[in-house]
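Okay, here's what each chain looks like letter by letter:
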Amino acid sequence: MDLLANLALGFGAALTPLNLLYALLGTLVGTLIGVLPGIGPVATVAMLLPVTYGLPPLTALIMLAGIYYGASYGGSTTAILVNLPGEMSSVITVIDGHQMARQGRAGVALCVAALGSLFAGCVATMVIAAFAPPLAEFALRFDAAEYFSLMVLGLVSAIALAHGSLLRAVLVTLLGLLLGIVGTDPNTGIARFSFEIPELMDGIGFVAITMGLFAFAEIAINLESAARRGAIAERISRLWIGWPEFRQAFPAVLRGTAVGSILGIFPGGGATLSAFASYTVEKKVAKDPSRFGKGAIEGVAGPESANNAGAQTSFIPMLTLGIPSNAVMALMIGAMIIHDIQPGPDVIRKQPELFWGLIASMWIGNVMLVVLNLPLIGIWVRLLRVPYRLLYPVIVLVCTIGAFSANNNMFDVWVAMAFGALGYVLLKLDCEPAPLLLGYILGPMLEDNLRRALVLSRGDFTVFFTRPVSLAMLLAAAALLALVLAPAIRRRRDTVFAERE
Amino acid sequence: MERGWRSTMQRWCLGVAMLACAAAALAQTYPSKPIRMIVPWPPGGGVDTAARLISQPLSERLGQPIVIENRPGVAGNLGTAQFTKEPADGYTLLMGSLSPNAVNPHLYSKLGFDPVKDFEFVALMYYVPSFLVVPANSPANSAKDLVEMARKNPGKLNFGSGGVGSSQHLFGVMFNTAAKIDAVHVTYKGTAPAEAALVAGQIDYMIDPPTALPFVTSGRMKALAVASKQRSVSLPDVPTLDEVGIPGVYTSTFYGIMAPAGTPKPIVDRLNKEINAILQTPDMQARLAKASAQSHNWSPQEFADFVKGEIERYREIVRLSGAKQVD
Numbered sequence: 000m001d002l003l004a005n006l007a008l009g010f011g012a013a014l015t016p017l018n019l020l021y022a023l024l025g026t027l028v029g030t031l032i033g034v035l036p037g038i039g040p041v042a043t044v045a046m047l048l049p050v051t052y053g054l055p056p057l058t059a060l061i062m063l064a065g066i067y068y069g070a071s072y073g074g075s076t077t078a079i080l081v082n083l084p085g086e087m088s089s090v091i092t093v094i095d096g097h098q099m100a101r102q103g104r105a106g107v108a109l110c111v112a113a114l115g116s117l118f119a120g121c122v123a124t125m126v127i128a129a130f131a132p133p134l135a136e137f138a139l140r141f142d143a144a145e146y147f148s149l150m151v152l153g154l155v156s157a158i159a160l161a162h163g164s165l166l167r168a169v170l171v172t173l174l175g176l177l178l179g180i181v182g183t184d185p186n187t188g189i190a191r192f193s194f195e196i197p198e199l200m201d202g203i204g205f206v207a208i209t210m211g212l213f214a215f216a217e218i219a220i221n222l223e224s225a226a227r228r229g230a231i232a233e234r235i236s237r238l239w240i241g242w243p244e245f246r247q248a249f250p251a252v253l254r255g256t257a258v259g260s261i262l263g264i265f266p267g268g269g270a271t272l273s274a275f276a277s278y279t280v281e282k283k284v285a286k287d288p289s290r291f292g293k294g295a296i297e298g299v300a301g302p303e304s305a306n307n308a309g310a311q312t313s314f315i316p317m318l319t320l321g322i323p324s325n326a327v328m329a330l331m332i333g334a335m336i337i338h339d340i341q342p343g344p345d346v347i348r349k350q351p352e353l354f355w356g357l358i359a360s361m362w363i364g365n366v367m368l369v370v371l372n373l374p375l376i377g378i379w380v381r382l383l384r385v386p387y388r389l390l391y392p393v394i395v396l397v398c399t400i401g402a403f404s405a406n407n408n409m410f411d412v413w414v415a416m417a418f419g420a421l422g423y424v425l426l427k428l429d430c431e432p433a434p435l436l437l438g439y440i441l442g443p444m445l446e447d448n449l450r451r452a453l454v455l456s457r458g459d460f461t462v463f464f465t466r467p468v469s470l471a472m473l474l475a476a477a478a479l480l481a482l483v484l485a486p487a488i489r490r491r492r493d494t495v496f497a498e499r500e
Numbered sequence: 000m001e002r003g004w005r006s007t008m009q010r011w012c013l014g015v016a017m018l019a020c021a022a023a024a025l026a027q028t029y030p031s032k033p034i035r036m037i038v039p040w041p042p043g044g045g046v047d048t049a050a051r052l053i054s055q056p057l058s059e060r061l062g063q064p065i066v067i068e069n070r071p072g073v074a075g076n077l078g079t080a081q082f083t084k085e086p087a088d089g090y091t092l093l094m095g096s097l098s099p100n101a102v103n104p105h106l107y108s109k110l111g112f113d114p115v116k117d118f119e120f121v122a123l124m125y126y127v128p129s130f131l132v133v134p135a136n137s138p139a140n141s142a143k144d145l146v147e148m149a150r151k152n153p154g155k156l157n158f159g160s161g162g163v164g165s166s167q168h169l170f171g172v173m174f175n176t177a178a179k180i181d182a183v184h185v186t187y188k189g190t191a192p193a194e195a196a197l198v199a200g201q202i203d204y205m206i207d208p209p210t211a212l213p214f215v216t217s218g219r220m221k222a223l224a225v226a227s228k229q230r231s232v233s234l235p236d237v238p239t240l241d242e243v244g245i246p247g248v249y250t251s252t253f254y255g256i257m258a259p260a261g262t263p264k265p266i267v268d269r270l271n272k273e274i275n276a277i278l279q280t281p282d283m284q285a286r287l288a289k290a291s292a293q294s295h296n297w298s299p300q301e302f303a304d305f306v307k308g309e310i311e312r313y314r315e316i317v318r319l320s321g322a323k324q325v326d
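First to last, the sequence lines map onto chains C and U. Mind the numbering: the first sequence is residues 0 to 500 in numbering that gives the first Met the number 0, read in order. Mind the numbering: the second sequence is residues 0 to 326 in numbering that gives the first Met the number 0, read in order.
Just so you know, the hints here were simulated from the structure itself, not pulled from any lab data. A hint or two may mislead.
Here are some, though not all, of the chain U residues that point toward chain C, as calculated from beta-carbon distances under 8 Å [unchecked claim]:
no. : residue
1   : G72
2   : V163
3   : V183
Please read all numbers here as calculations on a predicted model, not as lab measurements. Ideal Cβ positions, reconstructed from N, Cα and C, are used throughout, including at glycine.
Work out the full structure, taking the sequences as your base and the hints as a guide.
Listed below in structure tokens is the structure:
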């Protein structure tokens with residue numbers, strides 16, 4: 000009953016007209032920057048931080064939190080409509096979401112993303128309310144060895160992302176890993192593969208890679224074939240989700256929510272991994288995995304729920320321990336300190352209205368996102384009927400601005416163009432760009448944690464097997480690998496036998 | 000043709016005349032258009048915070064907007080190098096700081112700028128000390144305990160940092176050298192993950208800027224000493240390292256406004272006067288105290304001498320850290 004009393008306190012604090020206004024403002028701004036590539040929630044929150052000095056602390060936090068999950072929602076919109084992931088977490092949504100749009104089901108995809116996110120957000124908020132402190136303590140036990148094994152598990156699941164050739168998926172993932180190596184060596188500080196170009200010392204920018212691989216490459220392919228040069232979708236079936244689709248999507252939403260809620264609590268990459276993990280799960284449990292990559296609704300419903308749940312539960316380490324799990328959380332801590340609030344375990348005790356008010360506002364923010372975005376679906380979808388010759392210059396323009404504004408540097412625009420060329424070649428060779436991006440995102444984390452674990456163990460490789468959580472994840476990775484490889488091996492044996500006969 | 004040439008000539012003369020007038024009237028009319036402030040880091044970090052803290056009150060005093068431009072990359076080098084190529088007219092300023100302006104000259108062989116010759120040092124904003132922090136459950140309750148622990152187990156203890164050549168790394172080397180202990184350096188990607196690892200007890204100690212203070216007040220970390228000449232206003236009970244017999248470890252992570260070399264002196268002086276006046280306001284002083292930050296009301300010359308002293312000091316520290324020179 001404590002929980003209900005606390006939530007009542009929270010809703011009492013969050014449901015003032017001022018707080019509602021700023022929750023709306025935050026989600027609105029967040030959705031907007033999520034739709035625009037290049038401008039991420041980090042930059043936006045940093046710029047708006049001074050504006051919040053004059054606001055009451057709870058109001059300020061409500062607005063900043065709204066920007067954060069608004070951005071992750073807005074990112075999915077562009078992923079579905081124009082094959083452009085606005086945020087790291089929506090890379091996966093591109094795979095099936097954009098295919099749905101091509102089939103004229105963009106409205107359904109957007110609708111499922113919105114409702115899935117709402118459901119996941121509500122559940123994750125409950126998780127925070129009920130279990131935040133013990134979960135945070137659990138997340139703290141994750142050392143470098145555990146993170147390494149988690150990343151191995153993530154990488155193995157990258158293979159499941161591919162539809163079609165397993166070999167191609169592996170090769171493309173390896174290419175992504177190699178690209179992730181570019182930049183400064185984490186242990187010695189020596190520049191690797193930077194070819195004396197200073198801009199490459201920090202590695203290749205995520206924004207530039209995604210713009211190139213997804214947007215530019217897609218445009219090049221589209222312009223090539225006359226059939227795809229028309230509007231993205233001539234006929235649009237329905238805007239609203241139907242009952243059979245709902246029945247298909249709902250279990251995926253449930254699974255995605257569970258995956259996201261768990262992975263979100265781990266600082267550093269947990270929330271990003273959750274969308275990838277959820278897609279893998281969906282593909283594994285599906286009766287007919289071949290539908291994935293061709294517009295499977297579960298491929299949108301699962302990852303979208305997972306990334307929103309992950310975004311929500313990533314508040315746990317920040318709220319309970321004062322440890323930021325990503326850059327936005329670090330800024331929120333900055334905002335709290337400006338208001339003389341020391342983030343950490345004391346917040347729940349000393350300022351319960353603030354703690355529970357923020358939790359309640361997540362709920363309110365999620366509802367607002369849906370209220371805000373469902374009417375927009377009709378408008379977004381109409382965008383798809385715009386002739387492609389008008390649409391693609393706009394996409395190129397927006398992407399170029401996005402690539403430039405990530406670091407205010409022209410270099411990233413050239414990088415984006417180079418990756419556009421690479422992406423075109425990959426698509427021509429029937430290779431998927433998504434596993435490449437996963438390799439590129441996970442590679443540096445994998446290396447970083449592997450080497451840190453080895454520094455901490457003074458070079459003893461057995462740490463990965465003697466720590467139970469790490470061992471469990473490595474075993475899971477091995478099992479998944481066996482599961483993926485078994486059919487391939489069996490098939491080859493079948494063909495071998497067939498040839499003998 | 001003739002006519003065209005003459006009009007070009009006329010325009011050219013006019014231009015020269017205007018430039019001359021402009022230079023004379025500079026001190027009175029500056030600033031007459033918006034000012035850009037380059038932050039060579041992404042939004043949200045310490046340097047960005049310093050820039051956003053000063054930009055609002057400074058633009059009110061100057062009567063022109065100040066636009067902050069984030070140009071991150073290579074530990075501040077990219078944006079700083081680009082900044083030094085901007086015109087020296089007072090309309091482009093830099094939020095300078097320890098890493099690019101005093102440490103990186105010793106870390107990078109191709110810096111793209113000269114840390115002394117390419118700058119006019121306008122005004123120090125403030126500097127912050129760092130603290131020797133350990134996890135809450137650490138057996139060490141004083142700096143002396145920690146040093147004893149480290150001496151009994153040479154090479155067994157781990158100290159963390161936000162990366163090779165980061166301030167925590169160099170401060171850790173300074174501390175280890177002064178305390179004559181041997182410990183292993185563990186890198187993290189930034190300060191926040193390193194602090195999380197310390198809270199979880201995965202590393203043994205760290206010389207950390209005031210970002211660690213919330214963890215100390217919430218009881219997740221213990222602050223054993225402060226690495227500065229005076230005790231910190233935020234934690235007055237914590238002794239300095241000098242007091243506990245580990246002398247000479249002074250960490251002052253500074254933030255200050257700089258202009259490209261050749262910026263007219265009247266402009267530099269005007270900016271220095273306004274910035275110092277802002278820093279002396281009670282509201283600003285209260286904010287600085289909260290962050291353990293110290294301002295000094297220094298002249299441009301005093302600020303320049305301070306930075307030059309830091310550049311010299313870090314030459315040896317970088318060498319001791321073993322961080323390699325990179326292109």
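Among all the numbered hints in the text so far, which are the ones the structure does not match? Every hint satisfied by this model.
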